[in-house]
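J.: Below are the chains, spelled out letter by letter.
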Amino acid sequence: MALKALDIYKLLPKKNCKECGDPTCLTFAMKLAGGKTDVDLCPYMDDAAKAVLSATTRPPIRLVKLGIGERSFAVGEEFVLYRHEKTFYHPPGIMFKIADTSTPEEILAVTVRVRDESFTRVGTELRFNGIAIENTSGSPEHFARAIETIEKTADLPLVLMASDPLALSAALTFCGTYRPLIHAATPENYKEFCAIAKQHGCPLVIKGKSVIELAQLSKDCTTEGVQDLIMDLSPESFQEFIVRSTTIRQLAITREAPDLGYPVFLDASVMEMQDAAITLGISKYASVIISTPLPSATAQAALTLRQNIYTDPQKPIQMNPGLYRVGNPGKNAPVLMTVNFSLTFFTLQGYLESTRLPCFMLIVDTEGLSVLTAVAAGKLSEVLVRDSIKKFDVENEVSHRKLIIPGYASPLSGRIEEATGWKVMVGPRDAAEIGEFLHEEWKQ
Amino acid sequence: MRTVTFLPSYRKIEIARGSTILDAAQRAGLNMNVVCGGQGKCGKCIVYVQSGKTTFDGQKYGRFFTDDERSRGACLACETSIESDVQVFVPESTLIQEQKILIDGQETAIEFHPSVRKYYVELQPPSLSDPSPDLSRLLWGIQKNGGPTAEKMYVPLEVLREIPAILRHSEWKSTGTIALVPGGYRLVDLQENDTSKRLYGAAVDLGSTTIVVYLWDLVSGKVAGVASNYNRQISCGEDILARVNFARKNGLAKLQTLATESINAAITSASNTAGIDREDIYEVVVAGNTVMTHMLLGIDPAYMIAEPYVPVVRRALSVATGRIGIACNKNGGLFVFPAVSDFIGGDIIADILACGMSEKEEISLLIDIGTNFEVVLGNSEWMFSCAGAAGPALEGGEVLFGMRANPGAIEKITIEPGMLTPAFSTINGIKPRGICGSGLIDLLAELLSTCVIDRTGRINTGIENPRIRTTGHFPEYVVAWANETDIGKDIVITENDIKNLIMSKASVHAACLTLMKQAGITRREITTIYFAGAFGNYINKNNATIIGLIPEINIDQIINIGNGAVTGANIALINRRKRKTLDEIAYRIAYIELNAEASFMDEYTSSTFLPHTDLTLFPRVQKMLDTCRVAKR
Amino acid sequence: MAYDLHFDWSSSITEVMLGATKAEGGTRRLSYRIGGGTTLPFLETTQGSSAPLIAFEICDNPQYWSPIVRNYCGDLVNDCGEWAKTADSGYGSDMIRLYLTSTRQRNFSDIPSVGKTVESVLSNTSLPLIIEGSNEPKIDSEVFLKCGEAGQGERLLLGTAEAGRYRSIAAAAMAYNHSVIAQSPIDVNLAKQLNILLKEIGLSRDHIIIDPYTGSLGYGFEYSYSAMERIRFSALKGDTDLAMPIICSAVDTLTVKEIREAGPAIQDDIAVQWEFTTGLAAAIAGSEIICVRHPKTIPLLRKAFASLKSGKNTIGGQ
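Residue numbers (the numbering used here), protein chains in the order written: chain A, 48 to 491; chain B, 54 to 686; chain C, 47 to 364.
In short, the hints are calculated from the structure, not lab data. Backbone N, C-alpha and C define an ideal beta-carbon position, used for all residues, glycine too. Heads up, a few of these hints could be off.
Heads up, incomplete: computed chain A residues facing chain C, CB under 8 angstroms, no partners named [what the hints assert, rightly or not]:
#, residue
1, ALA121
2, SER316
3, GLU319
4, MET320
Please work from the sequences and hints to get the whole structure.
T.: Set out below in C-alpha cells:
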C-alpha cells in the first residue's frame, strides 16, 4: 500500500535542510507519496527509513523493454489492480502474428501495415506495435529468412516464437541486437532459452501451465541471469485467463509474491474468439498481446479500447480551445459555447452533426473540467467567454451576436451578456436535446 | 430615528426605535462580545445605559449581573431595545478583543511582551571630569534604567543628529524609544521630558473589503481604541482579481496609496476616539492576504494571479512606517505577516496564531470562509493548507434573495414540520429584505429535515403546500410572503439557489476531506474545528454540520474565533515571542493545490449531497435526519 | 506458498428478480435472478453463477433509431410486437428492452397507447421486459403508471430514474412491484446518491439496477468502465447503497463518428465490433445486463460469456 505523506514525513529527519530541493521535509514527503521525487535525494535519512520507503515506492512489476529505436516500447511497472486507484501506465503492445511459412509478399505486407498504419483519435496516433513470427515451418532457415524480410523493411519490435533453440539462434543473427522478445521458456527448456536470451540481451517469455509453475520458472530464469521476463499464462478459457492474470497482478502489487512481479503475455490468436481475447487482455492486465492481422473494424475497436483503458481516469482529456466548425457554417450559423472537456466536446459534436444544421462550437479553456464542475470551480467565467470570443475572432466569423451556452452554465448567462454584449441563449443541459433546441429556438 | 452615543468613545449613531443596543453598536463599528450570537444566552455583551429610555427585562437576565452592576444600569446589549436617544457606556471587557483572545473559555489573555519600550532617563550633564559623548551618556542611562546594553544598540543617523539638541533643551531629561530588531535593538526616537507613558501600537487586519485597527497601549498592555472602515481600494475593483488588473493597467501606485490611506483613516479614527497622538504610535503590525500585503508594500502582485501563481515574497517583513506613508511616528516600525503561498496569506497565519493550533499536540481544522475559503489542518508538528473558491452563495451572493449580513437580513430560521411555516429573525429585527449566509445555512438544514428538499437539494414539488410552487424556471419555497417583508415581494429560495449553496458547501467540505486524506486522518482525530471570519460568528454550528459544510465532530469542539486576522495581529503586536514564531509557522505549512489534486473532484462530487454521499461520515446527522424524516414520511 | 487470490470482501451484490413466470404470478416463460456476486466479475468459479444477460433494444417509433439497425432489421422496426418476437426467437436475446420513443414526440398525450404497446410486446414475447418510459417530466407520472399497470405481475424493469426525476417512476414501480433503472452520469458518488434518494422514498434495494451511464467506446467509455469497477468494488467492500447489479447500455455507440462515417461495406461489421467490445469490457468491469441494438452482437457476446463462465478456471493447480 502506498504510504500517506504524513507517514513518510514521520520517517524523514525533519531538518528542513532544503538539500533535496524542496523547501521542507513535509513538502518532500508529499512529493514522495505522489511518486514525484526520489528517496535518495534526502541526504540525512537513515538506512532503515530509506529501506522502508524504497520498498514501498519501487515498482512491484518489472519494466520490460521490447525492441529498440522509435517504435520500441516498455511494459510493466504498474502499481494498481483498478485503474481508478491511480492509473495504468504502460499500454499493452499488440503484435501481429505471421507464420514463417507465409510467402515473403505476405510477410512484407503485414510488416508494412504495422509500420505505416495509424489511427488518430483525440490528438493521439494509435498504432499496432510489432510483429510476432512463429516458427511454424520448424526450419531455422525459414525462420531466419522471414526475419530478414521484416528487418529489411522496418525497425519494429519482434516476438520470436519458436521452440527450437537452433531456430532462435538463426533468427537472432539478424535481429539479436534489437531486443526481440523470445517466446517461450518452459520448465523443460528454460536453461537453453535463458542462455540464448542472456547472450543477446533479449527479454524472455516464460510459459507455465499454472501460476505456481510460473513463479518457479521466474525464479529459475533469474537465477540463470535473465531478469527481463514476461509471463505466458497459457489459459484454456477466458475465465482461466482472467483468474490467473488477476491473481498474478494482485500478488505482485501487494508484493506478496515478488516472483510474479512481471508483465503478462497473451497469445489471443490461439484462443477461440480472438477479438474477445484481445478485449479481455487489454482490460485485464495483459502487457503483450499477440493476434493475427486484424480486419479494420476490429483493429480500430481494439486500439480505441486500449486508449480508453490506459488513460488516466482521474484526468479528463482536454480539447484544444478554439472555434470548431460542424458542417460548413455560414455567417448566420449558430454559435454554441462549451468547455474543453473532451467527453463534453465529442458528445455535443456528435449530436450537432446529427442535426445536420451547420454551426460553430466555441470551445473555451476550462482545463478539461466539465460544464458543471467548471461553473462550480469558477473556471468558467464571463471573462473567459469574452476573451475566447475575442481570441478566436468569433465576431468576424458570424454576423449575428447570439451565443448558446450549456444549460448548466445558466447561472452565468446574465454576466456573459454583460461582459460580451452578446445575447445569451441558455441551451439544454443534456446534449441529446440540442437538436430539438436548435430546431425550436434558433430562428433567424 | 434615535441617536445612540457610545461612551467612552462618544461615537454616535442613528438607528430606528426598537433596535437593540447591539444593533447600534455593530453599526457604529464597535465589535461587541456576542459569544451566543446575540441571543441573550452568554451574558457577555454587558453595557450601562447612562441616560435615555430603553426596554430590558432585568428579571429574566438577572443572573448575568451583580446587584451593584444592575444598580448602575447594566443590561445586555442584545436584549435591550432603544426607545429614545440614549447614552450607553461600553466597558472595555464587553468589546470583542477579550472574547477573541479568550478562546475556548481558557482564561489566558495574551502575554504581554511588546517589542517597543520607552525609557525615561535623567542624565548628569557632561563636564570636564566626565566628558563622555552624548550618545554613550544616553545609552548608559538607558541601560541603567533596565534597558538593553549599549553595545547591542543601533542608532540611526537621523536620530543621532537630533540627540545633542534634545538632551540639552530638555536639560538632560529625555525619553528614548527602543525597538527590538533582528540582532539587537534600535533607538527609534528620542523625546524631551518624560513621555514614557505614551507608547502605542496598532494591529491591523488589512482585508480586501474592510480594515480593522486595534490601538494598544504598549505600556499598560490594554486596548486603547478600535476602528474599522472600508478598504478604499474598492473604487479600483470589487475583488482582488479586478484590482490586480487595475494595477496592471494603471500602475500600482494608486492601489498602494489607497491601502495606506485606508489604514491611516482607521488609525486616525481610533486615535481620535481614544485621545491619542498618532506620533506616539511606534509600531504597526499588519495581517492581510498575500495580494493585499504586496500592494501595501508596493510590490507587484501581478505574477500571483496567473499560473504558476508565484508571490514575490513569503517571509515576514519589517520596514520603517515612514517609507510607506503610514500615519504614525515616522521612525516607527511596520511588521507585515508572512504568507504560505499566494492563496494562504498573512491573514491565515494570523488565524493560526489566534487559535493557537500550531502549538497544540492535538489536531485542529481551521476554516476561514468568505467568497474564497482557506482551510488549514494540523498541529504543532505538521500543517497542511489549501484554498479555493467557495462561490459567493454562502455570503448571500448567487442566491435570488441572498444578501450580506445587513439590517433586514434573515439570519436565523426554523421551519415547523407540519404546515412548513417558517419562523425567522432578522438583523435589527426589521421586516425581512433577504436572507444572509447564516440564514441560508439554517434554511437548507430545515428544508432538509422537513423533507421539503431531498438530499440533492431538489424540492419535492409533490408536496401540497402554498409555500412550495413553481413560478419561474425553478421550483421554490416561500420564506416570507410579500406583506411580511420590507421589499413588497415574496422572499423565496429556489432550487437553483439551493444548488448554488450546495456547490459552495461542497467545495469547502471537499477541501477539508482532501487535507484529511493527505494527512491520512479521519474526522475522529480532529479535536477542534475553528471557524474564522465574520461569517463564522453567527453560524449555527449544528446546522452547518447538518448540511455537511464541515466534518461532523462534537458541536462543543467547534469554535468561532471571529476575526482571527485582527486577533492574530493583536497577539503579534503585543507579544514579540509569538511574533518571532510566525515565519516558522508559515514555513511549516505545506500548501496543497486543489486543482492539481486528482481526488479533489471526487471529494467534491461526494460532497454535493446533504450532508454527504458517505453517510457514515455524519453519524449524528444521519441519526437525527432518520428520526425526523421518517416521522415526516 | 499458495498462490491464491484473496480479497477481503465483506459483502455481496443484492439479488434482483426480473420477469415472473406463471408460478411467480406473471406470464413469462422464464425469470432471472441477477446479482448475488461475491467477488469481481468472472472470478467466481462455482457452478451455477449465471452469465450476464443480453438485452435487445427496440422502440415503438424508429424515427430516431440508428439507420444501421433500421436497415438490418427492415420492416420489423415498424411493429414492435413483431420486432420483439424476432429478438426472442430469431436473435436469441435474454431480455427485450422497449423504448417508448413515441412518448418523446412533442405534446404527446395518447397515454392509452402506451399501455397497448406494452401489452403487445408482452404478448409477442415471453422474455422478461425492460420498459423505457417518457423523457418528459410532465407526462412521467402517467406514462410510468400506465406501463406499470400494463405489466402488473410481470416484474418489469422500468427506466429510467435520474436524480432530477425519480419520484414518479419509483411510485409506479412500488405500486406494481417492478424494478427501476437508476441512471447517473458516470460517477460512483452520483450513483450512490440516487440510490439513497430512491431508498428514502421507499423503494427497496432489491428493486434497483444501477445504470452508471455507458459512454461509447472512445467517447467516455474509459470513465464508465471505472465507474462500474468502483461500484462493484464498493459494493463488495460493504457499501449496501451501491450493492445492486449494473446495466450497461451504450446507446450512442451506433452514432459515433467511426461508425457513422464508415463505408457501407463494413459499417455493419464496425457497428457490431464496437457494440461487442463495449459490452464485453463492461461485463468484465461488472455489468450484469448488457444492452445491444445490433442483432449480430448477441451471438458474439453469448459465446464470449460462455468462455468467461467456463468453470475451468483454476489458477493452474496448487
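J.: Hint by hint, note whether the structure agrees.
T.: To see whether the hints hold, each was checked on the structure:
Hint on ALA121(A) is violated. Least Cβ distance to chain C is approximately 21 angstroms, over the 8 angstroms limit. The interface hint given for SER316(A) is violated, since its Cβ lies 15 angstroms from the closest Cβ of chain C, which is over the 8 angstroms cut-off. With 8 angstroms as the threshold, the beta carbon of GLU319(A) comes within range of chain C, its nearest partner Cβ sitting at about 7 angstroms, so the hint holds. A least Cβ separation of about 6 angstroms between MET320(A) and chain C falls short of the 8 angstroms threshold, and the interface hint therefore holds.
Checked against the numbered hints above, the structure breaks hints 1 and 2 and satisfies the rest.
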